[in-house]
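If you read the protein sequences in the order shown, they are chains R and E. Position in the first sequence counted from 1, then plus 9, gives you my numbering. Position in the second sequence counted from 1, then plus 38, gives you my numbering.
No farther apart than 27 Å at their CA atoms in a straight line, the calculated lysine-lysine pairs in the DSSO-like style are these:
no. : chain 1 : residue 1 : chain 2 : residue 2
1   : E       : Lys144    : R       : Lys45
2   : E       : Lys87     : R       : Lys45
3   : E       : Lys144    : R       : Lys18
4   : R       : Lys53     : E       : Lys144
5   : E       : Lys99     : R       : Lys50
6   : R       : Lys31     : E       : Lys144
7   : E       : Lys99     : R       : Lys49
8   : R       : Lys76     : R       : Lys28
9   : E       : Lys144    : R       : Lys49
10  : R       : Lys49     : E       : Lys87
11  : R       : Lys50     : E       : Lys144
12  : E       : Lys87     : R       : Lys50
No lab work stands behind these hints: they were computed from the structure.
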Amino acid sequence: DTAVSQTPKYLVTQMGNDKSIKCEQNLGHDTMYWYKQDSKKFLKIMFSYNNKELIINETVPNRFSPKSPDKAHLNLHINSLELGDSAVYFCASSPDRANVEAFFGQGTRLTVV
Amino acid sequence: AQSVTQPDIHITVSEGASLELRCNYSYGATPYLFWYVQSPGQGLQLLLKYFSGDTLVQGIKGFEAEFKRSQSSFNLRKPSVHWSDAAEYFCAVGAMNRDDKIIFGKGTRLHILP
Numbered sequence: 010d011t012a013v014s015q016t017p018k019y020l021v022t023q024m025g026n027d028k029s030i031k032c033e034q035n036l037g038h039d040t041m042y043w044y045k046q047d048s049k050k051f052l053k054i055m056f057s058y059n060n061k062e063l064i065i066n067e068t069v070p071n072r073f074s075p076k077s078p079d080k081a082h083l084n085l086h087i088n089s090l091e092l093g094d095s096a097v098y099f100c101a102s103s104p105d106r107a108n109v110e111a112f113f114g115q116g117t118r119l120t121v122v
Numbered sequence: 039a040q041s042v043t044q045p046d047i048h049i050t051v052s053e054g055a056s057l058e059l060r061c062n063y064s065y066g067a068t069p070y071l072f073w074y075v076q077s078p079g080q081g082l083q084l085l086l087k088y089f090s091g092d093t094l095v096q097g098i099k100g101f102e103a104e105f106k107r108s109q110s111s112f113n114l115r116k117p118s119v120h121w122s123d124a125a126e127y128f129c130a131v132g133a134m135n136r137d138d139k140i141i142f143g144k145g146t147r148l149h150i151l152p
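Here chain E stands alone, though its shape is the one from the complex (with noise of 0.2 Å):
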């Protein structure tokens, strides 16, 4: 069965400064890989998602992703946080067995410094 590793409950960057979040994953094949952003009191937005191709996804937000299956790892970029990216971040990997489900991580909070 799959499983999701987020290392960092809560990160704390200035506004202005570069993101990254960690994700870790355990999948026999290739997996699915998606990240969700949820605001407080929100339902999970999709940022992005991995299935196959090139390891480098864009999402939503100015938010990439990279696929690295050396270190099974899916971890989150931007390059310049703004204030409203506060939030809660889920980092989930689905299978390619149609009866699996998606496995959330635990998450990490996002706190932006003025």
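Pulled out of the complex, with its shape left as it was, chain R reads as follows (with noise of 0.2 Å):
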């Protein structure tokens, strides 16, 4: 019954691989996010989704896409993965686009070697 779920929890792979880790919600929410927290821990927002809307688009490198085939999912592809893309990747969910707080998933951890 986990609110916020993300898959893979680890993800190692090679410079120049294409990946996608999936995230899903069961809270009912209209709102998404995908957030990038380095290496010092800095939290930062990429992308948020609201009923499969793109509603905020940092300025973060095409090679990220983001999509959502429901309101449910909220998934993020990226191509050819560079080192410095390793992070922890945390998607969050939230009632809708007001700004109410987030609920987060337990991240991703990406290795890119």
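Join the two chains into one complex using the hints; note that each chain is given alone, in its own frame.
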């Protein structure tokens, strides 16, 4: 009965590969997010979707492409992975886009070698 | 745009001692304010939030925070810490503008001495 679940939890891959991280929430929320946490624990928002519509798109390389097939799912696809993409990626959801609190998944630790 | 500062990167307190973690924000109107905790290898868990009303808010695990508009602060407190409180603590600020995002501080790592 996990509220926000991400898969996989760990991902180790070589430079140049393409990988996806999946996220699902069963809270009935309208808004979902992807955050990146770097090695210094700094959390930075990447994308936000509201009811499958992209509403926040921070300055990230276009190798990163989010996809929301429905409002309960927000996947993150990354092309041509680079060493600097190594980080923990967190999915989160909130009831709507009005900045109420976000509920976070457990994170996906991506290591690019 | 809003911003949030956590001045202390690391804080060390003895078990049983009181705790205060500092957070300062910048926003032109009344912000939405949050404290999250992240245990090692885990996601973020909401401790408490302030939207409006009483400026002293109570959260889970015995934490509280006080919103002080005059100081642009939202400090987190706990009267007596437990070893299990060792974690990373993040202050965050949101805005009433529906398309603004929640901004996180850089975190404060709390260490507990036995």
